[in-house]
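K.L.:
What follows is each chain in one-letter form.
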Amino acid sequence: MSTEKAVDRSLMTQRSAFWRCFLVFKQLLGLSSRDHSSWVNLLLLVFLMNGVLIVASMLVGAGYISLQDSLSYLRSLAIAPASIQPAEQLPATVSVVMETIRWPRTLAAILAGGSLGLAGALMQRITRNPIAEPGLLGINAGAALGVVAAIVFFAAEAGFPYMVGALIGALAGNMVIVFASHRVQAPISPLRLVLVGIAVNATGQGLTAMLLLTKQTVFDQFRFWILGSLAGIELDRVLAVLPFTIIGIVVALLLVRPLAALQLGDASATALGHQPNRTRLALSLVIALLAGSAVALTGPIAFLGLLAPFLARMLVRESTQGLLLMAFGLGSALLLAMDILGRWIMQPFEMPVGSMLVAVGAPLLIWLVRSKRLQPMVPGGRRS
Amino acid sequence: MSRSHSVATKDTGRAGRQRLKSTNIKKIDCVCLHFAQWTVSFSKRAFYLHLLLWLLLLVASLFTLMQGSVAISFGDFWLLCQGAGQSAHQLLVWDIRWPRLLAGVLTGVALAAAGTLLQQITQNRLSSPEVLGVNEGATFLLLLGLLLSPLNILGPWWLAPLGAVLVGIILAFLAGGIGGRGYQILLVGVALAYFTRALNDLVISRATAQHASAVHSWTLGNLANSDYTELMPASLLLMLCLVSAFGVAWHLRLFMFTEPHVQSLGVNARQVQFMALALALVMAGLGVGIGGPISFVAIAAPILISRWLPPHVLGLGNSCLLGGILVIVADTLGRIVLAPNEIPVGVVTSLLGGPFLLWVLLQEKEVKR
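Going down the list, the protein sequences come from chains A and P.
Here the first sequence is numbered in the numbering used here, starting from 3 and rising by one per residue.
Here the second sequence is numbered in the numbering used here, starting from 264 and rising by one per residue.
Next comes chain A alone, as it looks inside the complex (with noise of 0.2 Å):
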């Protein structure tokens, strides 16, 4: 009741339509207006971003369907669910490659851009090292060979057993960099972190290239996946995984506290009550657990669990909460975008979104190597 005695207040107070609705969307989320730390309306915004890129992603397509139908057709679906019959008056391949191609489509960025964002976030926060990625630490070329294992060995066909096998994968990937950056002698520098990584990525993709190469059949299947692209996914497969995409965001953001407190380096966190070991292979599950539903439904997207921290970082300051929801919605709004953009560059042709990110997330590594921004996040300020 209070909920709604709020929101017809401030429906009163505010002018602008658009700021009511905003604010509408606020109190349904549980945010109240009174809460004054400013990432939750950057948030908010972010979300609406995505709305809007969503709506984009219906309408743009490498195929034939032109702009008017796609527009016709969701405002049929907006306007009169029931009463309008699609079918009646737009060409029928309308409805089936919206319902079929694009909105499973667009689901899959959502998802797989979040928890990538997400799990680079975290990473990021484990490893204390703001290059931490996981496709550049080779996460998600352990659950690529993990998806494409099980499809060679144990002929695994839907959504469930890829997430399995991804999970698996992404573990294995993840234990290696997480003994490697925990040495208690010799504590590595982030730039080091990296090239473990790339030890763990080449054995990985040989692997993974060598299980392809056995079967030729699976190859011509999985010769897109492997770059990283949105292309060809079928809405059972981003509802198989969907579970365990929400299963790590709510485990990731019940582990806040504790994650806050591991910033401030073992010993303060030991003294504040909290488990430093435990939390990290807590977040290391997490982690496995969003890169591994992501590769399972897109193939290895490198750089996106780096550009969209580092995004977070700017808009967020204080908050590791606001930071990681942060991470979550930028990392949607990007893989989105990105994707939108690649079917809409070189048409007919795709460009996977794989190579889209790299192309902008690699020219940020290389400034974010040579800046200064690199050392505070080292304990002990090493320079390196």
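Among the hints, a few may not be true.
Unchecked claim - Over 10 Å on every C-beta distance to chain A, these chain P residues come out as not near it, computed from the model:
1. 292
2. 313
3. 314
4. 316
5. 322
6. 329
7. 354
8. 408
9. 425
10. 496
11. 500
12. 513
13. 526
Unchecked claim - In silico contact screen, one side only, chain A against chain P (beta carbon under 10 Å); selected entries:
14. 137
15. 140
16. 166
17. 177
18. 178
19. 180
20. 198
21. 199
22. 211
23. 212
24. 215
25. 216
26. 229
27. 351
28. 358
29. 360
What the hints assert, rightly or not - Pulled from the structure, derived: some chain P residues nowhere near chain A, Cβ distances all over 10 Å:
30. 301
31. 342
32. 350
33. 358
34. 421
35. 509
36. 517
37. 570
38. 619
Simulated from the structure, these hints should not be mistaken for laboratory data.
Every residue gets a Cβ at the ideal spot worked out from N, C-alpha and C, and that includes glycine.
With chain A held as given, fit chain P onto it using these hints.
P.N.:
Same frame as chain A, but now just chain P:
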């Protein structure tokens, strides 16, 4: 004429002595030859290792020629060497396996030489053409040649060194110089490699479907389609580069000290660095042009060699031999393990090279710069 002489301990500075301590060579194994005013020092270990590696190369070559999806017995092979034997075997060995073996050895030699030079210039064991993105740059120009040519064939071999040099220039520009910057140059190279690989994927995805598969298998590093016409000019240029590299290596050994030390010994450090870098880039490009981007040979060969040699020996010749051996052994393994399916040699090397790199990284102490 020759006498044992502790050159290494007398002439090296602090850094050199520390490196001496870290290796487990008890005895100084220098042999110095004096002719009038010139003194030349050799390492005995390096010499014995050299002989051993030639032997290994010979054995590996015989193994490569005889093994495969069709195995040839030693007696049949002896007949073939005399010009007799079945015509099918003759075709198989002399027209298919022999060019492939040559291409493998040349690629390995070129990549290992490039790796040795790069590691010595940057004084970092992890800098090598595949980590720095040089291989990807060479691949990119070859693929671009494919996209632009009307016949849909890969570009001519000389595009590869050109691409390698191009990436090298961009790398030096982005990292602000090539020597003594620790991991920064490596990471810039890693990012550059990712970027160029994305460009390569883009070119492949624009190629027609029936070519895409073949081109993809080439970009993994594949020796399957080697023939003489491409080999001859490339190998001539490679020989030229190798000879110059041995000339440069003489001064390059001094880079185990700091740059001022090198200057004070009367060597123009900048010039040597520049020459060595240029040679390394061209040779890496040639390696890619001959055999495709085969990863981890360039990084593994010099590191393995340096474990057996005293620190003042660069071991360029030894690394080259080991590189050749590694490539042909990996290629033969790829042909045998899953026969009749062939695993491209690049896949085999990255499979074995990943754990190797991990091992190097984890046992190495943090470099302080």
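K.L.:
Determine for every hint whether it applies to the structure shown.
P.N.:
Right, here's what the structure says about each hint:
no.	hint	result
1	292	31 Å, holds
2	313	30 Å, holds
3	314	32 Å, holds
4	316	25 Å, holds
5	322	26 Å, holds
6	329	24 Å, holds
7	354	25 Å, holds
8	408	20 Å, holds
9	425	22 Å, holds
10	496	30 Å, holds
11	500	29 Å, holds
12	513	30 Å, holds
13	526	25 Å, holds
14	137	9 Å, holds
15	140	9 Å, holds
16	166	24 Å, violated
17	177	12 Å, violated
18	178	7 Å, holds
19	180	13 Å, violated
20	198	5 Å, holds
21	199	9 Å, holds
22	211	5 Å, holds
23	212	5 Å, holds
24	215	6 Å, holds
25	216	5 Å, holds
26	229	5 Å, holds
27	351	6 Å, holds
28	358	8 Å, holds
29	360	4 Å, holds
30	301	42 Å, holds
31	342	34 Å, holds
32	350	31 Å, holds
33	358	24 Å, holds
34	421	27 Å, holds
35	509	30 Å, holds
36	517	26 Å, holds
37	570	18 Å, holds
38	619	8 Å, violated
Consistency note: the structure conflicts with the earlier hints numbered 16, 17, 19, 38.
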